[in-house]
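Q: Below, each chain spelled out in residue letters.
Protein chains: 4
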Amino acid sequence: MLDPKRIKRIAINTGGGDAPGLNAVIRAATLAAIERGWEVYGIRHGYRGLIDTKELIPLTRDTVRGITHLGGTILGTANKGNPFEYPIQTPEGVRLTDISDKVVENFRAKQLDALICIGGDGSMRLAQKFIKKGIPIVGVPKTIDNDLSGTVTTFGFDTAVSTATDAIDKLHSTAEAHERVMVVEVMGRYAGWIALASGVAGTADVILMPEIPFDLEKVSEKVMQRERAGRHFSIVVVAEGATPKGGQLMVRGPKEAGREVLLGGIGQYVAEEITRRTGKETRSLVLGHLQRGGGPTTFDRLIALRFGAAAVRTLAEGQVDVMVVLDPPTVRSIPLASAIERMRTVPLDSDTVLTARALGINLGD
Amino acid sequence: MLDPKRIKRIAINTGGGDAPGLNAVIRAATLAAIERGWEVYGIRHGYRGLIDTKELIPLTRDTVRGITHLGGTILGTANKGNPFEYPIQTPEGVRLTDISDKVVENFRAKQLDALICIGGDGSMRLAQKFIKKGIPIVGVPKTIDNDLSGTVTTFGFDTAVSTATDAIDKLHSTAEAHERVMVVEVMGRYAGWIALASGVAGTADVILMPEIPFDLEKVSEKVMQRERAGRHFSIVVVAEGATPKGGQLMVRGPKEAGREVLLGGIGQYVAEEITRRTGKETRSLVLGHLQRGGGPTTFDRLIALRFGAAAVRTLAEGQVDVMVVLDPPTVRSIPLASAIERMRTVPLDSDTVLTARALGINLGD
Amino acid sequence: MLDPKRIKRIAINTGGGDAPGLNAVIRAATLAAIERGWEVYGIRHGYRGLIDTKELIPLTRDTVRGITHLGGTILGTANKGNPFEYPIQTPEGVRLTDISDKVVENFRAKQLDALICIGGDGSMRLAQKFIKKGIPIVGVPKTIDNDLSGTVTTFGFDTAVSTATDAIDKLHSTAEAHERVMVVEVMGRYAGWIALASGVAGTADVILMPEIPFDLEKVSEKVMQRERAGRHFSIVVVAEGATPKGGQLMVRGPKEAGREVLLGGIGQYVAEEITRRTGKETRSLVLGHLQRGGGPTTFDRLIALRFGAAAVRTLAEGQVDVMVVLDPPTVRSIPLASAIERMRTVPLDSDTVLTARALGINLGD
Amino acid sequence: MLDPKRIKRIAINTGGGDAPGLNAVIRAATLAAIERGWEVYGIRHGYRGLIDTKELIPLTRDTVRGITHLGGTILGTANKGNPFEYPIQTPEGVRLTDISDKVVENFRAKQLDALICIGGDGSMRLAQKFIKKGIPIVGVPKTIDNDLSGTVTTFGFDTAVSTATDAIDKLHSTAEAHERVMVVEVMGRYAGWIALASGVAGTADVILMPEIPFDLEKVSEKVMQRERAGRHFSIVVVAEGATPKGGQLMVRGPKEAGREVLLGGIGQYVAEEITRRTGKETRSLVLGHLQRGGGPTTFDRLIALRFGAAAVRTLAEGQVDVMVVLDPPTVRSIPLASAIERMRTVPLDSDTVLTARALGINLGD
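Residue numbers (the numbering used here), protein chains in the order written: chain E, 313 to 677; chain F, 313 to 677; chain H, 313 to 677; chain B, 313 to 677.
Among these hints, one or two may not hold up.
If several chains are the same, the list does not tell them apart, and a pair holds so long as it fits within one copy or across any two.
[Claimed, not checked] As a list, the in silico SDA-like pairs of lysine to any residue whose alpha-carbon atoms are at most 25 Å apart:
hint	residue 1	residue 2
1	Lys592	Gly577
2	Lys530	Leu408
3	Lys320	Gly600
4	Lys444	Ala649
5	Lys366	Arg377
6	Lys530	Arg318
7	Lys445	Thr590
8	Lys422	Leu666
9	Lys422	Arg588
Hints listed in this document are in silico derivations from the structure and should not be mistaken for laboratory results.
Predicted, not measured: the structure shown is a model, and the values here were computed from it.
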């Protein structure tokens, strides 16, 4: 599909939510490509730069200088830029239109030979569609939640966990001084990786994850057990996607008749329920976007740089329709299809789960 | 009132909310007192240790070892421990009772000669009452919000501002990548010190403080002005006590008929209003207890240690009914009364406010 | 060898140099053991607690509370405590004596059933000797340098790399402002893991490792090439064990006739040689013990806790003469012998080395 | 001398060593000047941009974007750029030549109306000379060592102290685990501010400063006193300018006959002497340039931004020949002459010194 000897010009884009390390991937891929004599272009805002080519910018040694440690992405992300369902303003209102052919056309018009897509689940599915339309693509996995299969971890996760752990550390001293229960809601809609890692590292007392529907009786019992042992405070870490046992996924939104809705999110719900059941004062906190922001940790910088360089190496070997992954101690590539076939959730018999239990942490069950 | 030569045994307590640096004050005061040959006792949970003397614990070199950099307080704080209105369980329910004489009695029974009170506004008012009842007290100012007059700053504030600035930094990259408006609600019920300092240091675009009732039209105009200049994101820092112009202080609580209530706090209110007026996507975040927690910055450690040592020095000079304050470059003491006569708010002609304006930051006006 | 059902009492010790995460291992192992109903003892200073049993202390929930994030080890390390060659004071001076039988005797006298040894290469060899003498042991790998084979990484390494990267970041701005060459000497006597990881993450221009004898001409050429490109500064990271091509390992020490000796270490040597060859101003810095100190990163806390829990799990399965290792995504155990048969150095075709080269970093060759 | 209404174009330069916060001053001054309708130019490398005008660059909103938190200076510093003694290459070699008239000439040719000089002692003396030659100048104080009089503190100092304290914290755990004496050499050639602040905040056991010639007997006695109390480690902080009692300033350099020279610096000297006198194992570490590097702390960002804005405000008021200073809680300006008439050293009766003594820290006396 791709003759590596003919590569002269490649493009890079980033899709989906922000993740610490995006700039490091961009930098490494750019420098690695320049080292091979290729030209590099950045597509701003997902595919926007291939729809409106003003958003296609040359990436040079100068443009990627000093960005390894910066959060965000110099290319911008794409919140709503799916070219297969692109929002076009018409007299009748916004209409979702398939303009993917336009993207392919511009890709060719710009004489681009390959594309490095940095993104999550959604971006990789999009990539597959464009591969079918003839664009040679190598994927680089990006997910704060760590829920992409095929890679042991990816950049951004260590930073998110560190931010969450740091927050838990801070709340510890205050919880103890005030003799309160602190509930921290962290990211993780479908997988509890951030909650588990930050909860164990931050020595939480309770960790609630999507993988284990929680029983508030068990949670409250843990709080009271500590109370009786003279530990008048507790730290509860809740993944945003955790749900009560027998319950259903509850979402934030306006109160409606006949439907229980979480106005303040699952963290606030858990806090209120603990107060109701134990009489303890509680406070809840939603870490939200703090977890996506900021410069990457050293660990994430390194993975991101390795991924960026590996993506170029992969192209240079003529491989496309693949995603680079971390298979410690090395980085290699796997077929794109196998990377997205299923979501990676926390195995309940994994040693980190066993560690949590051995430390006496309640997992809501 | 106090013959310093006769001091043999002193006590220390901490009142009110948690603040980074409390342990450093306790450590310095303890070591400084031991150096003079005094014994030191820590009163747990405000005055609880003088009501139930099991909560009175000896402070030695060993007990204060390695705590300088730890958040929280090894003595615990007192949320509801005012001995002049102490909650006593009676057959008819909880009754607020004046048990201050009991405190004075236990103070004497334990042969304590003086008390170092670390606390804010409320704790200092309480201290004054006990001074009138004959307990020699030196105060050490504690306020995250930095609103105590008489001292240029106190420990905990620099840590809170650093935490808030760090959060703003993190949100910056995400705001830019996603082209959003991020609203961060920081502490400061009556004074905007944290909002102003973290907003300027974190290069916010808008800072809203209790001192300047804000005009949402001006705030939105700033956001749109940036939009037109190609800056598709903005950072808004809001003190929890900021109020809209012509509006009234709105508190969080359940929605009630005929009264506008902020369910999500002032930050969420501002975020929703900006979306309504500009059409921009917004996100809001409440930093809450993160700002009180964690170890003190180097700056706060130093002030805290200096305050602790100064409190003992002050006692050794026979001074009581005073509070130690930072009057750069030195620490000295002022009459307790003058320390709490008024709240210190941000002067609108202060050079930091002028700096914010010079940097093009909108202050809601 | 070990009937897990009979375990009632175990001991833990730490050997060799300090590493961030030791306390987290101790905590997790202690809590996991208590959870199984075992008693736990800490042996202070390596094996000293089994020679002089005053140094054997009970580890309880209380003694391991709040230590996860603390650097150092509550058990102390053993610099010179090899019981097979123990320094005994005799009238003729210090004599190295084999008192290992005394250790075994005390181990039995204290009714200990198993030992968890946290240590590096040397400690594991010692462990093997005691296993032969009948003490059931599970090892936990500890090495800042990351040079133990069998485990992809171990706790302490991420912290050391983060500290080194942070230092490189700091030196960057100064090097650029002053237009200087900064040489940073990092740990790594036999393996370049820290140099490579921190150099790539910190975007160094040159990285010198024990695995690649360096050619100062090539290093100087890189500095001058940057100079010509208008980049008037360079950052050089040198592992302490790096050696010049064709040269021999040079050690620090007093100047002696006829032997070239590095007074200031390899970093200073490289700095002086670069100045001599390029005329550029240089400065060198030895990070030294900074890399071993401080609290562990979140990543290291997590590995350390998992290792501690896994060591107990391993004992409970009746396994001894093994070492727990990280085999991502899981922690498992391997025979102790295979863990120490060879040192793990940086493979020259590893993807991190390829990444360094793709980024244009000179590796001394 | 300066009619503020006529100001249309100003310049900014930075002189001397790097200090965290320089970029924040540049940013604030630039934005504040643009806000007043002025044009702003940056002079690269001290005065080089007024000698070779290619080094004069326009400062706009774009050029100062996102630099508040970055270390270093986007303008570069001037190591050897004194225009009154400028190194000119001649056939006979380098000759120091007075080319100050050329600077003044270019200043006028470029129609610059005023100059903001960010620098230390040396830069301010240079500024005075140019003021006499007719260039209107406002100074902004820059000194890591905190030894400029007239200002309570300046930007960069808090960052340097934080870096040093962080290092001391890290060494603590290792010193304790290994039962060693750790000697940390920090900056401070003529004043002990960094040593004192970081030593107190980091709970050192001994602090040696230029202000108090130290007695090694007293230092060793402190180490042994701790030993006897079961504290088998000590932390010693030494300012680079500290000298032994009765001794003379000893500098690093090649060993020469008849003159005692410190090859490894004062830190290594102290370490060796402690080992000699106490038999304890010691290690020494020179923090060096780490203290100048990296992004500014929140505190330093804020002072730097306030200074930058104040410098422009001062010009707008028609004031020149002044330096902005921090006179808490405000920033104001003082005559340049009074700012540099003497060096600010640590007063031995200052409350921080008293605090150190109260904490039991030995000050070498």
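Q: Give a verdict on every hint.
A: These are the hints, each one checked on the structure:
no.: 1; hint: Lys592 x Gly577; in the structure: both (20 Å within a copy, 23 Å between copies)
no.: 2; hint: Lys530 x Leu408; in the structure: neither (47 Å within a copy, 35 Å between copies)
no.: 3; hint: Lys320 x Gly600; in the structure: neither (41 Å within a copy, 45 Å between copies)
no.: 4; hint: Lys444 x Ala649; in the structure: within (12 Å within a copy, 51 Å between copies)
no.: 5; hint: Lys366 x Arg377; in the structure: both (22 Å within a copy, 22 Å between copies)
no.: 6; hint: Lys530 x Arg318; in the structure: neither (62 Å within a copy, 31 Å between copies)
no.: 7; hint: Lys445 x Thr590; in the structure: neither (59 Å within a copy, 38 Å between copies)
no.: 8; hint: Lys422 x Leu666; in the structure: neither (53 Å within a copy, 30 Å between copies)
no.: 9; hint: Lys422 x Arg588; in the structure: neither (63 Å within a copy, 40 Å between copies)
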